[in-house]
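K.L.:
Sequence:
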Amino acid sequence: MIMLVRRLSLLVVCLVSVFFLGCQLSSSSLENASPTLTSSFSGGEASLPGSRFPLTIMHLNDTHSHLTSLEDQSILLDGVKTSVDMGGLARIRTRVEQIRSQHAHTLLLHAGDAVQGTLFFTRYQGDADVAALNLLGVDAMAVGNHEFDKGPQLLARWADKADFPLLGANVDVSGEPRLQGKIRPYVIKTLGGHQVGIIGLTTPETAFVSSPGETVQFDDVAATARNMITELKGQGVNKIIALTHLGYEQDMALARGVDGIDLIVGGHSHSLLGENRDLGMTVDGPYPTRVTSPDGSPVYIVQAWAKARELGTLGVKFNGEGVIEAWEADPVIVLGDRFKRKDGSGKKIMMTGKAHKMILDAINDTAGMAVVEPDQTMAALIAPYAEGVKEMATEVVARVAEDLDHVRVPGFDRYGKRDDCPNGSLVAPLVADSLLWKANAHGLRADLALQNAGGVRTSLHEGGLTVGHVYTLLPFGNTLVVLELSGREVHLAIEQGVDAALHGNAGAFPYPSHARFLLHPGASKGSRVTDMEIRDADGVWQPLDADRIYRVAVNSYMARGGDRYHVLEQSVKKRYDTGFVDAQTFLEYAAHRNILHRPEQTGIRVVSE
1 MIMLVRRLSL LVVCLVSVFF LGCQLSSSSL ENASPTLTSS FSGGEASLPG
51 SRFPLTIMHL NDTHSHLTSL EDQSILLDGV KTSVDMGGLA RIRTRVEQIR
101 SQHAHTLLLH AGDAVQGTLF FTRYQGDADV AALNLLGVDA MAVGNHEFDK
151 GPQLLARWAD KADFPLLGAN VDVSGEPRLQ GKIRPYVIKT LGGHQVGIIG
201 LTTPETAFVS SPGETVQFDD VAATARNMIT ELKGQGVNKI IALTHLGYEQ
251 DMALARGVDG IDLIVGGHSH SLLGENRDLG MTVDGPYPTR VTSPDGSPVY
301 IVQAWAKARE LGTLGVKFNG EGVIEAWEAD PVIVLGDRFK RKDGSGKKIM
351 MTGKAHKMIL DAINDTAGMA VVEPDQTMAA LIAPYAEGVK EMATEVVARV
401 AEDLDHVRVP GFDRYGKRDD CPNGSLVAPL VADSLLWKAN AHGLRADLAL
451 QNAGGVRTSL HEGGLTVGHV YTLLPFGNTL VVLELSGREV HLAIEQGVDA
501 ALHGNAGAFP YPSHARFLLH PGASKGSRVT DMEIRDADGV WQPLDADRIY
551 RVAVNSYMAR GGDRYHVLEQ SVKKRYDTGF VDAQTFLEYA AHRNILHRPE
601 QTGIRVVSE
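Per our numbering, the sequence shown starts with residue 1, numbered consecutively.
One or more hints might be untrue.
Computed spacing ranges between beta-carbons, pair by pair [said to hold, decoys possible]:
1. F476 x V80: 13 to 23 Å
2. N594 x E391: 20 to 30 Å
3. D219 x P521: 51 to 61 Å
4. E321 x I349: 49 to 59 Å
5. G181 x A222: 23 to 33 Å
6. S527 x T352: 48 to 58 Å
7. P384 x P521: 46 to 56 Å
8. I595 x R457: 41 to 51 Å
9. K348 x W541: 43 to 53 Å
Note that these hints are calculated values from the structure, not bench results. Where is the CB? At the ideal position from N, CA and C, for every residue including glycine.
Make the full structure from the sequences, and use the hints.
P.N.:
Given below as structure tokens:
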């Protein structure tokens with residue numbers, strides 16, 4: 001998560017004086033510096049090899065084909081939930097050009113997973129993304145796992161269209177002719193007479209969670225990094241950035257285990273870095289995160305959330321030996337200027353007049369976010385692609401054999417009235433099954449899936465199923481997450497969902513795939529779910545083993561504790577956010593099945609007591 005850094009003008013003035021006097025901050029000063037300490041960098045300062053060198057790094061990651069902004073995103077401003085438009089590459093470009101105009105030496109880096117996640121990718125297969133990133137002026141991009149989702153051939157085409165190098169030092173394409181010469185291990189950028197080496201590193205999980213094929217191999221990350229650092233230093237490069245698609249935890253492990261990296265610009269884990277939690281967002285760590293390498297040198301790690309909602313910006317000053325001696329953090333979530341809040345009846349209404357100005361003032365007083373006007377050149381580039389996406393909404397992808405009703409709690413409609421679906425929704429189990437299908441299609445070997453009823457918004461009616469229907473069915477943009485849970489935790493998760501559903505939050509009710517259980521609504525808390533079974537790979541139903549570790553596919557909302565699924569949020573075992581959006585997953589699932597039938601069972605049998 002992003003660090004929202006409050007600018008302290010007095011510190012800035014003092015630090016400007018420090019740099020103009022030529023004084024150097026000691027390593028102990030950096031070690032003990034507050035994460036909110038900032039330094040000022042003169043945009044026009046001349047640089048000579050061997051001298052101090054200011055560099056401003058802007059960065060994105062995991063944009064996942066989010067070319068346009070996300071509407072109705074919830075943030076807290078002065079403790080009040082406020083709906084805003086957030087992100088979009090047109091606003092990002094405005095911010096990028098502002099920073100370029102203010103600093104002499106800049107880089108714009110993308111840490112991978114530019115594609116997969118919206119209809120822009122479904123329709124244009126990455127062409128819209130690469131066109132937008134070309135216009136943005138990206139200097140280099142790490143290859144992410146999702147860049148391989150459609151195999152080497154599409155990535156090769158994408159590389160040919162990119163005006164920037166794709167980097168992946170540990171991606172061995174020697175056995176894949178279509179990619180040879182198209183993925184580089186590193187690039188050296190010369191700015192103000194100084195050479196900066198940028199090494200690309202890609203998660204080895206790509207072999208299992210995407211579709212690179214047998215001809216692409218992924219080498220050990222740390223060993224590859226050491227080899228590339230040695231090679232760069234042999235060419236006289238002493239300022240080294242690792243542009244990684246590994247994940248925040250893995251970036252920290254890399255920094256602790258390998259000497260010679262100055263800065264890690266990361267992606268893959270969709271981490272928001274920072275300290276300000278007042279916006280109602282979960283923070284994974286400080287921006288930047290400081291780690292000490294084996295030789296005692298500082299390594300700084302940054303990441304910029306995901307879906308083009310935020311532009312990370314870190315200004316650094318290298319000393320004559322190529323070590324970062326000071327930094328200034330300025331990551332910004334980019335917002336539109338339309339705001340909604342709930343009125344006394346609970347209805348969201350547009351804020352105008354004084355209320356609108358108060359929100360603008362609150363944003364201006366909150367570092368780390370800004371209202372940004374969209375860049376019109378980028379908006380014009382995206383517009384025809386967006387029109388094509390709009391037309392795609394009417395495309396039929398499958399057929400629904402009969403009306404499939406959706407209810408939240410078995411036996412009741414969403415308003416608490418008796419319903420003729422005694423064993424629950426006929427749609428939610430199909431959504432759960434799509435999550436399981438997608439996970440296992442990518443080698444994640446999930447045992448079961450769970451879907452909260454509230455994540456499914458409509459019934460499905462007999463006839464053609466269109467793209468628009470699916471995005472209405474699953475409108476929240478949740479992603480597929482695979483967790484490792486003990487059987488005991490699986491049971492507790494379902495109990496938590498049932499308890500929440502029976503106490504006013506019907507949307508929490510859990511619908512399974514490859515699992516079934518008896519539901520006792522009248523029983524006491526913790527005793528409502530019994531006789532739980534899991535269907536194994538041979539199709540045989542086996543009793544849930546409390547001590548066995550299961551792989552469970554869920555959506556990202558549930559994984560982070562939404563609808564009171566606290567056990568999913570708190571589990572410390574392995575978890576993997578695939579980045580696959582639930583609506584796109586269901587589209588592929590429906591197209592694969594061609595005809596959607598009533599599920600044989602919902603996984604739930606209600607026991608009347």
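K.L.:
When the structure is checked against the list of hints, which entries are broken? Sort them ascending.
P.N.:
8
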